Amino acid sequence: MIRVERLSCAIGPVRILHDIDLEAAAGSLVAVVGANGAGKTSLLRAISRLLPISGGDILFEGRSIRAVKPYRLARQGVVHVPQGRQIIPSLTVEDNLRLGADRIPSLNPENILRNLEREYARFPILRERRETPGGSLSGGEQQMLAVSRALMMEPKVLMLDEPSLGLAPRVVRAILAALRRLTSGGVSVILVEQAAFAALEIADRGYVLKNGRIVLSGPAADLLKDQALIQGYLG
Amino acid sequence: MRGRLRYLVAAALIAAFPLLGVNVFYLQLAQQVAFVSIAVLGLNLLIGLSGQLSLGHMGFYAIGGYGSAILATTYGWPLWASTLAGLLVAAIIGGLVGIVALRARSHYLAMATLAFGYIVEILAQRWIDLTGGTMGLFGVPQLNFGDFEHGGIYFFWLVAGALLLLQIVNDYVMQSAWGRNLRAMKESESFAAIVGLNVSLWRFGVFVASAVLAGLAGVFFVHQNGYISSDAFNLAQSLTFLIAVVIGGLGHPYGAIVGALILTVLVQFTAVLYDYSLVLYGGILLLVMLVYPGGAAGLLSGIYSRLRPTPKAVRVAANERAELDDAFRGRPGEGGAGESLLEIDNVTKRYAGVTAVNRVTTTVRRGTVHSLIGPNGAGKSSLINIISGLYAADGGRICFRGQDITGLPAHARARLGIARTFQNLQLIYNLSVLENVMLGAQSERTGFVAGLGRWCFSSSFEADLRRRALALLGFFGLAPYADMTPGDLSYGHRKLCELARAVMQQPTLMLLDEPIAGLNNEEAAEIADAVRRLRAAGITLLIVEHNMSFVMDVSDRITVLDYGEKIADGAPDEVRNDRRVIDAYLGVEAVE
Amino acid sequence: MLSRAGFAAVSALCVFAFAAHAETVKVGVVQGLSGPPAIVDFGESYLQGIKAAVEDYKAAGGKYQIELIVYDDEANPQRAVSMVQRLITNDKVPLVIGTVSSGNVLAFAPILQRAGVPLMAGPSIATNIVSQFIDENPSFIFRCSMVEKYQIDAILDWGVKNFKKIGLVHSTTGYGNFAAKEIKEGLKQRGVELVAVEAVAPSVTDLTPQMLNLKNAGAELALNFNEQFELMFRAMAKLSYKPVVAGNWGISSRKVQEVVGNDLIEGSVMGQALDLAQPKAKAFDERMKKIYGDKYRWPVVAALGYDGARISLMAIDKAGNDPKKIRDALEQVDGYDAISGTPPKPFGPKDHECLDKKDVFLGVWRKGEVVRLQ
Amino acid sequence: MSLPDFVQILVTGLAMGSIYMLMANGLFMTHLTTGALNFGQGDFLMIAAFVTVSLLTAGAPTFVALPAALLVLVVLGVLLERVAIRPLERQGARDSGILAWILTTAGFGLILENVATLAWGKSSHYAPPLFTSRKENVISVFGVGFFVEELVIAGIALAVIAALYWFLYRTRSGKAIAAVAFNRDAAALLGIDVRGAIVASYVIMALLAGTAGMLVAPITSVQAHMGLIYTLKGFVVLNIGGFTNPLGILVAGLVFGVAEAFCNYFDSAFGDLYPFIFIIAFLAIRPTGLFGEAKADVR
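Chains as they are written, first to last, in the working numbering: chain A, 86 to 320; chain B, 9 to 600; chain C, 59 to 432; chain D, 502 to 800.
Just chain A, same shape as in the assembly (with noise of 0.2 Å):
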C-alpha cells in the first residue's frame, strides 16, 4: 500500500531522518517504537509530505508522492491524525468530524451521513457530544474524535502520531482494539508510539527507530522476544 524507500530528511543543517526503509502493507498494522527524538514524528510528517525530502521517495499505490501537496494526499486517501490530537476548538465535535470528509470528492452526503453513524456507533461518546465545541472534551474524548474525524474520510493508509499520549489505560486500549479491528477492512495503519509494547502487542511488524535511522525490524511477535533488546534502543 505505501512504501518509503531509503528517505532522507533534514531541518536546515541537522539532518533528522537517514535512509528509512518501511513497507506498510493492505490491511497490515506497522508500529514505530522509538526514544523521544529518535524521529518518530519527523517520519510521519515526511511521509504525508509536510516536511522536505532530501533523499530516497515514497511510494504510495506504487506512484511517488514526493511532489503531491499535503492536502491532496489526505484527500487521495493517506491520512495522518498528528500528535496533540489538533480538533478545533471553535468547531462542534460534528463540525470536527465532517471537516476532513467534506474535502473528499468521492464522498457525497450518504457516504458521510453513514460514515457518521458508524463513527457515532464506533465512540457512542461523541454522539452525546456532538454538539458542544471540540475544545471543551477531554483528552480522551479529543483523541477518540481525532480517529474518528480520520475515519470519516475512508483512509486507505491511517497514521497516528502518539494515540495513547497522556491517555488513561482503558481508552489507550480501547483506541487501539479499535485500531486493530480497521486492518481487517483493508485498511493499512503505521502507529507511532511511546508505549512500546502495547503497539507491538496489536501490531505486525515493527520498526525500532533511534537518531532517525532503523536500527532494528520485523515481526512484531520476534521483536518481543527480545523485550531488553528494545528497552535498550528505548533508551
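Not everything, but these chain C residues come out facing chain B in the computed CB check (under 10 Å):
{"no.": "1", "residue": "L91"}
{"no.": "2", "residue": "S92"}
{"no.": "3", "residue": "Y129"}
{"no.": "4", "residue": "N134"}
{"no.": "5", "residue": "N162"}
{"no.": "6", "residue": "A173"}
{"no.": "7", "residue": "T230"}
{"no.": "8", "residue": "T231"}
Don't read these hints as lab results, they were simulated from the structure.
The model shown is predicted, which means the values in this text are computed figures rather than measured ones.
Every residue gets a Cβ at the ideal spot worked out from N, C-alpha and C, and that includes glycine.
With chain A's structure known, arrange chains B, C and D on it following the hints.
Then chains B, C and D, alone, in the frame of chain A:
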C-alpha cells in the same frame, strides 16, 4: 579593536564637513539627517532589539520639540534649560505611554502608539494658544550660539556631535549584555524571565529611552530654523521614522544613519517627481521588505564582510577540555549536603478540565541528583514549569532554601539560584553560541556608565565573562562552535549549549527537562558525566527524563509521576522494583 | 549704399546673435501639489495660471527664456523650507512664487527676505504674510492673492447689515482656525455675537451634527470657512435647513458648483476678485477651460496665479537675473491690464499686495455663474 | 437635545459605524488566517469608491457598476496576498517580522493611492446617489431627515456581516478557514487547501472593503487619500471588539460610530480627539480588547 578609530574618523569628518564650503542648503540637509538619525536610532533600539512596535514616535518628537520651543519662546527660558525640560516632558509622556506598552503586545501596542500619535497631532494643530497651530510659533531662538553668521555650522557640529555620542552608546548597547538581553527578550520573554531578567522593567526602560531620543531629535528640529508649525508633526512623520528604520536595516547598528540619509535624499529627489512620489515610496517599501529584509546597512555590511572576512577572535582553551571549576564558582552553600533545599507541597495544576499535576509532594535535598520520571503527559514538565515559575500552581506551595517562593515571578526565582533547561530547547537564534552562554551571567551586571567606560577604554571588556563562557563551552566540548549560531549546531550540541547557559547562571538548583531526549549514546554519556561533575561542584539537580538507564545511572533519588499523581518516591533500586512503576512506565497493563 | 547694406547686415547679425543668446531666467515655484484636495485644488489652479502667464510672455516675445522650476511642498513646512533653500542656493532662482499653506509661507518668507530674493506669495491668504515684512527696508515679500481680512470684512459688513443671527462653520486646519479668529474679532468690532460656532475636523465628511446645531441656533446666515466647502450644502439639504451661505472665495470653485448643484448653491455669497462679466476675464475663463478641461476648477485662483506670474515676468523683463533689481522693478510695474481685480499699478514702496481692500468685492452664484453682488 | 435631533445623530452614527464595522471585519479576516492586517485596506475602499463613482457618472446602471467594482477588488485582494504576504511567509520570521506585513501592505496601499491620483486626479469626486435618481434624495420621518443611502448603508452592512458569519460558521469553506486559522498543518492533513483558504480570506477582506467603499461613496467626498482614516477607525474598532470575536466587532463598530457622531455634536472642535483618548485608556485597562482573552506567553 571595537572601531574606536572609526569614531575618531567620524569626528574628524563632522568637524571638517561644514568647513569645506558646502552651501546653506546642504548644511541644513546634513543637520536634518543628523537629528532624524537620532530619532531613528531610538526607534531602531525599540523595534529592532526589544521587539516593541511604535507607530506614534512622531508624538514624542513633537512633544520634545514643542516643550523646548514654547518654554524658550513664550516663557523666555534659556536654551539649555528649555532643552532639558523638553527632554524631561518627552520622558514623562514616554513613561505614561510605556505603561500601556507593558500591558499591550504586538498590534494592540501598535494601536495604542498610533492613537497617541494622533492625539499629539490634533493637540499640536488645535491648541493654538499654546502651539500656534498651523500658523506656527515665531521667533523660536536658534541654537546658533549668538553667531548668526556661522550659527548653522555650530548647530551642525552640535547635532552631529550628539549623534556620534549616541551612536557610540548605541554600539555599546548592541555589543554588550544590554543588547544580548534585549534580543533574548524579543525572541522569548519566558526565556528572558528564567535567566533572571525582569522583562517588564526592561521593556519599559527601552520604551522611555527611545521616547527621549525622539524628543531630542524634536528639540534639535525646532531650534534649527527658528520657526515651527504643527503641519510638521503628523502621522506621516511617524511613518517616515518607521520607513527610515526599515530601509536602513532593522536592528543594525548603523541602520538609523543609513536610513535617515537615504530618506532625506529620497525626499529631495521626489520634490520634482511629485506625481509619482507615492509609487516610489510604496515600491521601495515592498522592495526592501521582500528582497532586502536586512535593509541597506545589512546589504552593505554583507558586501563588506564578503570583501574581507573578519578574523576569528582568538580564544582561550580552544579545544582541550577545560576544568569546570575554573569557570564555575559554586555559590557558598548556606547549608550542608543532604538537608532539604526544595520542598514541593501538595502542588496541583489544571488546564481546561484536565488535571496535569495532582497534589504532588516531594522534597529535593541539597547536593543530590533527584529525578522525576513517568510516561508522557504524566505532568513532569508541568511540575518543572511550576517550580521555575513559568506556570502558576492552582494549589499547594513551593519552598526554596526555606523561603516560600510560590508567589515569586520566574525572574526572581532565577535570581535565587534556580536555573533550568527546556524540553524543546530555548536558545536565542539571533545570538552566537558563546553569547547564548553569556546570557546566563545575569547575576553580575555592571552599571551602564561603568560598562560604557570599560567598553570604550579598556581592551578587556567582558573578557572575564567571555573567558568563563568559553571555558564552559570547552567543558561541554563546544569551544570550536563558539562563534556559530545555535541554528548551525546539531540537536545534541544545542542541548549541551543550553546546559552550558544554565550552568553559567551559577545556580544552586538546576532543573533539567529531558536533558538527553533525542541524543545518541555518546552524547548521553557526556551529559551523564556532566551531571555527575555538576553534582560534585555542589549543584543540586532535578531531572525530568524518560530514559530509565540514564536515570538509574545518575540519580540519588527518584520520584515517579503517573497521570499527575505521585506513585513512587525513593532510591533507584526501590523504584526499579516497584510494580506500579513498571506497569505505568512500560504500559504493560495495556498488554494483558 | 554699400555702407547702408553693410550696416543692415551688421544689425541683422546683432539681432540674430541676440536671439541666439537670449538669456534664461529660472523662476522657482513651490506649491502644494500633493495631499488633501483642500490644498491641491488651490495649488494646481494657481500653477495653471502661472503656466498660462509664461506662455503669453513667450508669445509676446519676452526678452528672456523663462524656465519654471516647480517643487511640491506636500503642505509640510519643513519640506517647504528646504525646497526654498534649494531654489535659492542650488537653482539660484532670482524669484520664488508660492505656496498654498500660509503656515509654509510664513516659514520660508524670512529666509527669502534674508537672502534678498523676492517672493510672490500666493494663493496663501493669511493677512499678516505681507504686513509683517512691509517695514523692512526694503521688503522682498510680495503677494498676488486674496487677503483674508479683506474678504472677511466685505462679508461681515454685508452680513451684519442683512442678517440678525449669524452662525459659523470653520475647519480645524490652520486656515479654518485663522479665519475663525478674524471673523470673531471682526464681529466684536461690529458689536455682533455669533449664535453658533462649529468646527470640522479634516477627517469628518458628514456635517449633520454641526449643521443641526446651527439650525437649532436659528442662524439665518451660515458662514462657510471649511475648505471642503461642498459638505455644508449636503447636510443642509438633509436637514431641510436653508440659510444663506457666505464664505471664502473657494465657494466660487466650479467643483463646488458641480457637486452641490445649481439649485442648492444659488445665492451663495463669497469674497471675489475676478469679475467674469468683464470680457477679458471671460476670455481667460474660456481659454483655461479649453486647455485643462475639468482639471480647471477655480477661475479666480487661476486668474491671480496668472496675474502674479505676469507681473513678476514684467519685472524680470526689466531687471533680468538680479533679485534686487527684480524687487525694485516689481514696485515700479505699471499699466498692467490684469485679469483679476488687480489694479494697473499693483505695487508700491509701502504696498506689496496685488489686491487692496477696494479691489475685493462680493460675488454670488446666480444661475450657475458667479456675478457681482449688488 | 430634542428627540428628533437624537434620532438624527443616531442614524448618522449608525451609518458611519456600519462602514467602520465592515472595515474591521476585513482586517479580522486576514488576521484570522495569516495574523496580518492590511494597512492599505482603506485604499481598497478608496479604489472601490472611485470605480463605482466613475462608472455611475459614466452612466452605467447601478447593477453593473457595483459588481464591476467588486470584481476589481477581488483582483486586488488576490494580488495583495500574492505580492505582499506570501513572500514574507517564505522568508520566514526575520528580525523585521513584526513590521514586515505592516510595511508591505502599507506600501501596496501607497501605490494604489498614486494610481488613483493618476487615473482620477488629485481633487475629490462625488457620487450621484446610488439608489435613487434625484440629486438630493432626502426622506423625512417625523421631521427627521435622512439620506436614503444612510438607511441603505446600515441595512446592507448588517446583511453583509450576517452573510459573513453564516459563511464562517455554517459553510464548509468557512469551517475550513477556521481550521486553517487554528493550525495550518492540521488543516492540510484533513485535506484542506491551506493556501486556497488564505487567498479566500484575502478576497473576503477585499470584498468587505469594497462594499464599504461603494456604500460610503454617496455620503462623502471621494479622493485618493481618503482611505487611511477608515483603516485606522476599522483598526480601532477591531481592537475594541477584540481580534477573536466577530460579534464584538459588530457591537464595537456601531457603538464607535454613534459615539463619534455625538462627539461631533457636542464638541465639534475636538470631536475626533476623544475616540483616540478612549482607545488608549481602554487598552491600558483591557490590553486584549473587549471580548478577546489574553493568551499565555509560554512556548
